[in-house]
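Novice: Build the full structure now, drawing on both the sequences and the hints.
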Amino acid sequence: MAVPATTATAPAAEPDVTAELRTLRARVPRLTGSLVASADGLLVAADLPPSVEPSGMAAVTASGLSLAHRIAQTAHGGAFHEVVIRGVDGYVVTYAAGPTASLTVLAEAGANVGRLHLEARPAARAIAAHLART
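Each residue of the sequence shown is one higher than the one before, starting from 1 at the first, in UniProt numbering.
Hints are computed from structural coordinates only; laboratory data are not their basis. A hint or two may mislead.
Said to hold, decoys possible - FRET-style restraints, in silico, Cβ to Cβ:
hint: 1; residue 1: A26; residue 2: A75; range: 29 to 39 Å
hint: 2; residue 1: V88; residue 2: R133; range: 32 to 42 Å
hint: 3; residue 1: G56; residue 2: A109; range: 36 to 46 Å
hint: 4; residue 1: T74; residue 2: T23; range: 31 to 41 Å
hint: 5; residue 1: A19; residue 2: A75; range: 34 to 44 Å
hint: 6; residue 1: G87; residue 2: P29; range: 10 to 20 Å
In this text, a Cβ means the ideal position worked out from N, Cα and C, and glycines have one as well.
Specialist: Structure (structure tokens):
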């Protein structure tokens, strides 16, 4: 079930962003949910299972994203693109969605990560475009 945006981050873009999240879930087998958060940790849109609290996950995502940006900058001097976390029960992958937001997807342990990247990278770019129009 999609969770409506709870901030004024991108109110005009939220329906388009939510549609991107739903399309992504339909296209990627074993994807269990996704969300878009602003760089400051505010929820823009979510399509998450009931077990994941959207605002809390958005805040944690922004914290991890900040660290990932710093690691990429320190190690290679370049911009952040994505980070993959593999846990016992599945994956959490966060993609940059333009300069001010991120797309985080949750997938089961047996998910095809290559397919996930193939579908989620263009979705992140589309989400960035939706957010840029607001």
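Novice: Can you list which hints this structure breaks, lowest number first?
Specialist: Failing hint: just 3.
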